[in-house]
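Line by line, the protein sequences give chains X and R.
If you're matching positions, the first sequence starts at 1271 in the working numbering and goes up one per residue.
If you're matching positions, the second sequence starts at 1271 in the working numbering and goes up one per residue.
Hints are not guaranteed to be accurate.
Remember, identical chains collapse to one label, so a pair may be satisfied in a single copy or spanning two.
[Stated by the list, open to error] Computed list of lysine-lysine pairs in DSSO-like fashion (alpha-carbon distance at most 30 Å, straight line):
| no. | residue 1 | residue 2 |
| --- | --- | --- |
| 1 | 1367 | 1278 |
| 2 | 1558 | 1647 |
| 3 | 1431 | 1573 |
| 4 | 1682 | 1273 |
| 5 | 1656 | 1558 |
| 6 | 1367 | 1647 |
| 7 | 1464 | 1647 |
| 8 | 1431 | 1647 |
| 9 | 1278 | 1324 |
These are computed hints drawn from the structure, not numbers from a lab.
Each chain, letter by letter, is given below.
2 protein chains.
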Amino acid sequence: MAKFQAPKGTRDFYPDQMAVRTWITDCWRRVSVRNGFVEYDGPTFEQLDLYRVKSGDEIVSQLFHFVDRGGREFALRPEMTPTLARMVGARAQGLPKPIKWFCMPPMFRAERPQRGRLREFIQWNVDILGENDVIADADCMFVIIDMFRELGLSPGQVELKINSRALVASVLTIAGFPEDQLDPVYAVLDKRDKLPGDAFAEAIAELTPDKRQQETLVALGSARGPQGLESVRKLINGNEPGLAHHQDLARALDLLAAMGVGEYCVFDMGVVRGLAYYTGIVFEAFGKGSLQRAICGGGRYDKLLAGVGGPPMSGVGFGVGDVVIQDVLTELSLLPASIGQTDALFVIDVDPKLFERVLSLTSELRGRGVAAVYSYKRQSLVKQLKQASTRGAARAVFVDRETADRDVVGVKDLGTGAQASIPVRALLEDPYQAIEESA
Amino acid sequence: MAKFQAPKGTRDFYPDQMAVRTWITDCWRRVSVRNGFVEYDGPTFEQLDLYRVKSGDEIVSQLFHFVDRGGREFALRPEMTPTLARMVGARAQGLPKPIKWFCMPPMFRAERPQRGRLREFIQWNVDILGENDVIADADCMFVIIDMFRELGLSPGQVELKINSRALVASVLTIAGFPEDQLDPVYAVLDKRDKLPGDAFAEAIAELTPDKRQQETLVALGSARGPQGLESVRKLINGNEPGLAHHQDLARALDLLAAMGVGEYCVFDMGVVRGLAYYTGIVFEAFGKGSLQRAICGGGRYDKLLAGVGGPPMSGVGFGVGDVVIQDVLTELSLLPASIGQTDALFVIDVDPKLFERVLSLTSELRGRGVAAVYSYKRQSLVKQLKQASTRGAARAVFVDRETADRDVVGVKDLGTGAQASIPVRALLEDPYQAIEESA
C-alpha cells in the first residue's frame, strides 16, 4: 500500500485535519448566511469549452481535462465564475435582484504544486449580481471583514486594501496613456510592493519617457490612505468620469466606515489585481506585520458574465481558499484547541449483565441528538473508562445496580473528574440540562 | 449561453435545491456524530492504479480518468473504499480501534446516466474498522436506522433486510455446492424478489439438476423473518462453522432489538449483495409499500482492505447516495416546508437620512450571528417591505425617528404581521430573546 499516496498537490483529511477544514467552512457558511447570501453549487466538472470561452485555448493546459465515452470534453472546475454565469444566465429573468450567492466547493488546477497553491483546494466564493451601485461593493467587502471578525483577526493583523480599476484608468487616460498601454501600467503598479524603490522607478522609466507621465505614475504608486485619495483627486483635475469613479470609491470607504469596520480598510492605489476582467472597485485582503501575505481578493466585474456567455449583468465578488486561511490562523495561533473535541457520552456497563441497558440507553440518547458510544468489549470498568478517554469522550455514564433498581445513572466528567447521579428520565428529557444541573 | 448546460448526469444546485442537499447532508453529519463517528475526506481524484488494484482493468471504462502533464494517470473517485484503505493503511498502527469514520463527498461514474444513477452524486460512507465482533455490525446497521428515525421514516415505510453471506455459504457447502458455484447461486438468490415464481424455479433448475439441492435453494429463497432463521438452522444440521455464522446473525438481530429498533429489521436470506468482497453479515435498506426500492446497503468486508493493498483489518460499512434519499423523502412528502427558510431581519430606513444607522445596526447584528440585510436602494417604506418579503426575510426592523431619539426599533413579524418596539440594546444583547419577549 505504501506505493499509493494522495496525488501530489492534493490532501488526505484525517479526522483532525477534517475538523479544522469543517471549522473553517462552517465559519464561511455562518458569515455568508448572516450577510444574506444563499448557497448554491454546480457540477465538479464542466464542459471544457465553458472555460475556453472565457480564457482561450491557453487555459486548457492549466486544467485537468478528460473525455467521456461519447468523446465530449470536460474539465475539473478551476474557478466558479463560468459556472455561476451559466447558472444565472439560465434563469436571469426569474431571479430577484440583487442575487447574493455563495458556495465553497473544491477547485482544481493542473499546475505544479507549491507552497499555498495546491492542485485541489476548497474555495469560498461570494458574489452579488445585478446591482450597479457601489453599495453592493461595500456589502461584498464587508463579508470579508465579517469573516475576519468571526475568526478573531484584528485590524492590527489584517487589512483590506481597496482601489478602483476605473479610477486608475481615468487618471492614466488624463495623463495621456493610450488605452493599449494600460495593462502594462497595471502590471507595474500591482508589483510595486514587491519591488525595491529603484526597480519601481526603473520599471516606470521603461513604460514612458515622458517626465510628467512618470511623475503621475510615481504619485499613483504612493497614493495610500485618505491623503492618497485626496492627491488622486487632484490628478483627476475635474475630469467628469474620473470624478465619478473617485466619488464611488470614497463612498465605498464611507459605507464601510458607517458599518463600523473602517479600521480594517485602506485606500491603496497599488492594488489593481492581475485579472483583466475587473471594471470598477478592486480589493485585496493582506496579512500585516509578520504575516505579509495576500489572503484573498476580488472586485467588480460588470462585463464578465456576458463575456463568458452569460447575461449582461453587473457583479462584484471575491474568492478565498482554505489553505491560506488555515495558514494565517495557524501562524497567529487562532485555531481553537477545542476544534474536533466532542461532547460525547461514553456509556459503561459496570456489570456485563447490564449491557442491554447500555444499548437501549445509547439508542435513546442518540435519538435525542446526543452523541453516545459504548465499548464493543464487555470488559472491566477501568478498561472501559480508559477507552472513553482514548476516544476523547467528554463524560462517562455508568449503568449499574442503581440504574437497574432506581433508574438512575452515574455521570462522570472526564475532564474535571466530577461525578453525579442523574435520573435516566431527566437525562433523556434534556440531557445537557440534566448534566449541567447535576454539576 | 444556452449552448452551455451542466454536463449530462450532473446537477446544478440552485439555492432551493442546495438547501435540500444541505438539509440531507446535515442530517447525515448529525447522525454520524451522535453515533460516535468522526469525519474524514480524501482527494477528489486518486491514482488510477488504486482502482485497478481492486477491480482490474475493466473498471477503467467506468471511471472518468485523465493524465497530468507528467503523464501520471488519475481517476475521479467512484467510491471511497480504496481511499479509506490507503489512508488507514498509512496510519494503521497509530489509530485506536475501533476506527469509526464517515465522509460524504461527491463520487463519479462514467456510465450512462439513468433514473437515480447520476454521473456525479453525493455519497454518505460509514465504516467501522478493526473490530471482528458482530457488535460492530449491529452498531453500523443502527446508523442507517438512526438516519431513518431522524428523517421521519417509520418501520411501516422502510425496513433493513439482514443476512449473512458466510451463513449462506455454509448452507450451500453443506448441501454439496462446490465453491466455484457459489457466486452464480448468490446471483440467483439476489434476484429472487425481481423474478416471478416460475422464473425463480427455472433459474434454480438451471443451477443444479439435484432435487435435494433444488429444495435447499427454494428453502433459502423463502427464508425470511424469525421462522426463516429457524428453518435455516435446520439446514445447517449441526455443522459448526455454519452454527457460528447463524449465531452471529441471530445476535446482531438481538442487539438491534435491544437498541429498540427491532421493528425496522428483518432477516432475509434473499439479500446477498452483488459485490464479491462481503465476507459476513450483509444488509440492504428497502422502501416498503409504494416505495418498493433499494435505498442503501452494506456489509462486513474482512478481506477487502488487504485486498486493495491496505492493512489486514476487518471492517463493516455502508454507503448511501443523496439522490435516493431525496427521492424517497419527496415521494413520502417528508421534506419539511421550512427547508431554506431564513430567520433574517430586513433592516429598513423609514427616512433615508437614517441609512447610516441601518448600516451600523446591520453590522452589529451580523457580528452577533444574526442574519441581517437591507435594501441597496433608498426607497419608500412600502417598497422596502416588499423587497423584504420577496427575499423571504422573517422580520422587518424599522429604523425611524424613535430610533434616533430613544434608541428603539420597531420589529414586524412578516408572517403574522405582529409588531413591537424593542430597545436596540436589548436587540443586540440577545436578538432572538428580545424578539420573543416582545411578541
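When no copy is named, should residue 1431 and residue 1573 be tagged within, between, both, or neither for a Cα gap of at most 30 Å? Classified as within: same-chain Cα gap 23 Å, cross-chain 57 Å, threshold 30 Å.
Within, between, both or neither: residue 1558, residue 1647 at alpha-carbon 30 Å: Neither: 53 Å inside a chain and 35 Å across chains, both beyond 30 Å.
Homo-oligomer pair classification [residue 1647, residue 1464; C-alpha up to 30 Å]: neither (61 Å within a copy, 40 Å between copies)
Up to 30 Å between alpha-carbons, please classify residue 1656 paired with residue 1558: within, between, both or neither. neither (45 Å within a copy, 43 Å between copies)
Checking residue 1682 and residue 1273: alpha-carbon separation at most 30 Å within a copy, between copies, both or neither? Close neither inside one copy (45 Å) nor across copies (63 Å); limit 30 Å.
Reference check for the pair residue 1367 and residue 1278, CA-CA at most 30 Å: within, between, both, or neither? between (42 Å within a copy, 29 Å between copies)
For residue 1431 and residue 1647, with the copy left unspecified, which applies at a CA distance of at most 30 Å: within, between, both, or neither? between (59 Å within a copy, 26 Å between copies)
Could you figure out if residue 1367 and residue 1647 sit no more than 30 Å apart (CA to CA) within one copy, between two copies, both or neither? Classified as between; 11 Å across copies, 59 Å inside a copy.
Check residue 1278 against residue 1324 for me: Cα-Cα at most 30 Å, and say if that holds within a copy, between copies, both or neither. For residue 1278 and residue 1324, both the intra-copy (28 Å) and inter-copy (21 Å) Cα distances are at most 30 Å.
Consistency note: the structure conflicts with the earlier hints numbered 2, 4, 5, 7.
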